[in-house]
Amino acid sequence: MYLVFTTNDFPWLTIIVVFPISAGSLMLFLPHRGNKVNKWYTICICILELLLTTYAFCYNFKMDDPLIQLSEDYKWINFFDFYWRMGIDGLSIGTILLTGFITTLATLAAFPVTRDSRLFHFLMLAMYSGQIGSFSSRDLLLFFIMWELELIPVYLLLAMWGGKKRLYSATKFILYTAGSSIFLLIGVLGISLYGSNEPTLNLELLANQSYPVTLEILFYIGFLIAFAVKSPIIPLHTWLPDTHGEAHYSTCMLLAGILLKMGAYGLVRINMELLPHAHSMFSPWLMVVGTIQIIYAASTSPGQRNLKKRIAYSSVSHMGFIIIGISSITDPGLNGAILQIISHGFIGAALFFLAGTSYDRIRLVYLDEMGGMAISIPKIFTMFTILSMASLALPGMSGFIAELIVFFGIITSQKYFLIFKILIIFVMAIGMILTPIYLLSMSRQMFYGYKLINVKNFSFFDSGPRELFLSISILLPIIGIGIYPDFVLSLASDKVESILSNYFYG
Amino acid sequence: PILLGVGLPLFPTATKNLRRIWTFLSIFLLSIVMIFSLYLSIQQIFISCIHQNVWSWTINNEFSFEFGYFIDPLTSIMSILITTVGILVLIYSDNYMSHDQGYLRFFAYMGFFNTSMLGLVTSSNLIQVYFFWELVGMCSYLLIGFWFTRPVAANACQKAFVTNRVGDFGLLLGILGLYWITGSFEFQDLFEIFNNLILNNRVNFFFFTLCGFLLFVGPIAKSAQFPLHVWLPDAMEGPTPISALIHAATMVAAGIFLVARLLPLFIVIPSIMYIISLIGIITVLLGATLALAQKDIKRGLAYSTMSQLGYMMLALGMGSYRSALFHLITHAYSKALLFLGSGSIIHSMEAIVGYSPDKSQNMILMGGLTKHVPITKTAFLIGTLSLCGIPPLACFWSKDEILNDSLLFSPIFAIIACSTAGLTAFYMFRIYLLTFEGHLNTYFLNYSGKKSRSFYSLSLWGKEEEKKLNKNFGLVPLLTMNNTKRSSFFCNKTYKISNNVRNKIFITVENFGLNTRTFYYPHESDNTILFPILILLLFTLFIGAIGIPFNQEGIDFDILSKLFTPSINLLHNNSQNFVDWYEFLRNATFSVSIAFFGIFIAYCLYKPFYSSLLNLTLLNSFQKWNSKRIRWEKLINFVYNWSYNRGYIDAFFKTYLIESIRGLAKQTNFVD
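Listed in order, the protein sequences are those of chains A and B. Residues 1 to 506 in the working numbering are what the first sequence spells out, letter by letter. Residues 1 to 672 in the working numbering are what the second sequence spells out, letter by letter.
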């Protein structure tokens, strides 16, 4: 293994990717010094990483360039033509920053974890690396490797910390995702081996390549299945509620905030960019599926007794908007999808966090046993109300903008018939009615009323400064994006145009 | 331009000043806004339209949103209305809420509400309208659920939000449809493009109508029109100032506002206009009939609000833009007056019957309050009279115009509207008489016996009450009571209104011992409560004047029509001319006679009952009648609840069905 320097720049991305996992393994090998040290160590690493990322992006990322930036290219395995190839563009910068932010907060949220905290924090950091790696890789095989890399920590996190049925749900998770990974691998290898004599894995090269139609459809289906499991598209979503219902809440934050977004990211990155013809062929179906998903998840959610499962279904429902936005193949639609990726990353994570903290207080997960918590924990109550408002797309919050733009995406799309568009929009909007039903009834069951029926001699305490800081620091970007969405939109818009130009000119 | 700039600092949630200071600050800011909007409206009389974009929000190559202002007479009228009522309600609620723990929260919500409402009326494009529309809905959700410990309130606020959300759904779809047709959100562009398209007949007409109807769904939900009115009566769970501000004066008027704003758009589609007026008339009738049998004073008022809003919709549907807005203004003032008055009554009744809304708002327990709360009584009476349409007061002028127009529009509607005017008079006077005339009913429950669940035997009464008072979350005034049975008492009721109240008042009410029973009377409210009531009273008295046509000189001169005619002269561009003085007089006498007829019936039915408590036969007959009425009303309520809940049932049914399917799928998946 030897590295060839092909870029003049400092290898920012490599450092960003490698730093957390190496620091984490360092922690693993150092002698055990108690939980507290581990915690602070991890948080410091996370913050350092976040700062590093921000610094790197601030100074080296040019807004108006749709091409890949900060690219690095090292030959890794020689005979296989496998490169360590990294780079970011407008699409991935937002998600990388989101990853950094959410992971830091999740680490902070995982403060109460005491059991085997060294391993826990190591896994968190490993996951951090994997996620950033997969968002920033420019090589198909590298993408796959990173994709697999973050599965293992998630599995362990699920299997070792969480509720009673955690082993079941962890197994389910790993079965689903491993199954999907096979499809991903097949797709990767198939795409790389096709056409040229040399196996190519470079995404840029692949993007310009064209395939015969049947092959393209086959690849498309393969990738679609892989990503559909990850960002749950409807028939393959059943792992999500189970997993979320059982996992520890900081794991939930990571799952909802970042992991789901990887699927959507992959959908844009690979399915849209590499296989435009197949995508335009499949997109009506995807749109139908997305619409069904919105309605289905939103109507399943009120039937859930488990608090976290209910939120999990709400995030399934919100992912439907992303799918619709992606498949609308318009500038606003795709922008809206990206915005929704980011905004749901914040909102979902924050909701899970609050659910987790209130679970810490009340030790009940079933909604019909709760009630009247508003008096004892007013701060959590306030935050929860605000965030459910954000989640049901109240104007001024980020969710609203994202959904609105997705709606515009459909309206302006040239591709579909009028009746089809009307139908889709109509059904989506019904989902908009269902959302407040389950979210508000959830908050009503949790907080409203005045007595606790089942809980005896339990002393509540309101959220401390740590939790308050956490929820506010999530809330700020939500409102910020809601009031000034250009902030995020400007990151991605050029990239979006360049992707879409494939569809109109290619 | 500064208007919104002044409106925005009202956003007060983050600040944590001392609460009194905070109140003053928000009142002060609101007054500035009011002065400014007054100035603007005076300007409006001479200049027609100011339209200004302030900043663009999102710019992309394909879509852009802009925040802007669109200030026209409609806006200025609405903003004056909002600010004046808002200020008065703020002053009022300063006292009303002073016992509550959530005082600061309350004012934060109020400020937020005012901001978003002002934003709504000044907004220049549909997206902005939608934006503030939802914010207003959220504020209403928060404020209804203000006392979140009550399960009823929790249910009510959720219901309100979901129902409003249905309206938002329609509104959003309508906006999107219009965008698809015209490619613009700005009102003015929208109207132009739309009219061009209609003229050239280039678009699918059915689709147009659909869009128009969907747009109209939003106002239906927001101003509690017929199919989606269910939330308004429940919304009365919120504190009374909220009911006055949001659910009587401003927020429900938002729907009317939007319809008025989009009237140039609706007016080209006749079927939409027909639907609007139809829904209006259904609501008028329904609201009035439902209001007949309410026990809760606020619910009664809520139904009457609904009915009056129906009048406005009717007027809009008939294309008489001016009278609808006129009625909107007059109604807002009188209804705010009524609500504040009822709030003051409730406040004084709370001390007697306890804090539970079942009791303190129950009209049956009231009665004979004239002696004790004279000022409130006068105010309430004036409000009632105004709402009934008695000549010198505000609502007379506006309602008369609506009735007049409806006569021109279609006779059936006119008949319904007129009879409903009679009904209005009837139920308003029912409320008034039940509340103020006769004797204080709290003590005669055994005689009246209408409420089976509140049978307190007289000997137990004192204890009952004490118990109730203890339950009051420590919000109700301290009560010192010497309770020795069968002797004369001296009861000191010390109202310790929280310490930092500006004018610390210790009211000591002498106890009037009536032979053996102990009770004390409700007291008149504090000055801070009375002040806004009086101001509103003045408004109610004189606001009618701005719309009175001075026809004697042969020139149409009234401020309102001068305001509105330049902005819209589509159908009734000469609407004033045919109302000559004679016809006006004739119509006026007609409507007034109807009103008096209604009042007379109410008086017959309710007055004797209370003046002659011992007249058992009358009592029995009345009781039968009343119970029948209540049952009937329950039936209606039942039907509505059912029809509303059917949505839920469907949802749940679907949910469980889906869940079982999902479970099945999960099992098969896992077996694999």
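Since the hints were derived computationally from the structure, they do not count as laboratory data. Any given hint might turn out to be false.
To be verified - Sample of chain B residues lacking proximity to chain A, with all beta carbon distances greater than 12 Å (derived):
no.: 1; residue: 195
no.: 2; residue: 271
no.: 3; residue: 415
As the list claims (entries may be wrong) - Facing chain A, a subset of chain B residues (Cβ under 7 Å, in silico):
no.: 4; residue: 131
no.: 5; residue: 158
no.: 6; residue: 159
no.: 7; residue: 161
no.: 8; residue: 162
no.: 9; residue: 166
no.: 10; residue: 169
no.: 11; residue: 173
no.: 12; residue: 176
no.: 13; residue: 189
no.: 14; residue: 270
no.: 15; residue: 274
To be verified - So the derived label-pair ranges between C-beta atoms look like this:
no.: 16; chain 1: B; residue 1: 381; chain 2: A; residue 2: 486; range: 53 to 61 Å
no.: 17; chain 1: A; residue 1: 163; chain 2: B; residue 2: 209; range: 47 to 55 Å
no.: 18; chain 1: B; residue 1: 419; chain 2: A; residue 2: 415; range: 27 to 35 Å
no.: 19; chain 1: A; residue 1: 479; chain 2: B; residue 2: 192; range: 30 to 38 Å
Here a beta-carbon is modelled for each residue, glycine too, at the ideal position from N, C-alpha and C.
Hint-by-hint comparison with the structure:
no. : hint                       : verdict
1   : 195                        : holds, 22 Å
2   : 271                        : holds, 19 Å
3   : 415                        : holds, 37 Å
4   : 131                        : holds, 4 Å
5   : 158                        : holds, 5 Å
6   : 159                        : violated, 10 Å
7   : 161                        : holds, 6 Å
8   : 162                        : holds, 6 Å
9   : 166                        : holds, 6 Å
10  : 169                        : holds, 5 Å
11  : 173                        : holds, 5 Å
12  : 176                        : holds, 5 Å
13  : 189                        : violated, 17 Å
14  : 270                        : violated, 23 Å
15  : 274                        : violated, 23 Å
16  : B:381 to A:486: 53 to 61 Å : holds, 56 Å
17  : A:163 to B:209: 47 to 55 Å : holds, 53 Å
18  : B:419 to A:415: 27 to 35 Å : violated, 55 Å
19  : A:479 to B:192: 30 to 38 Å : holds, 35 Å
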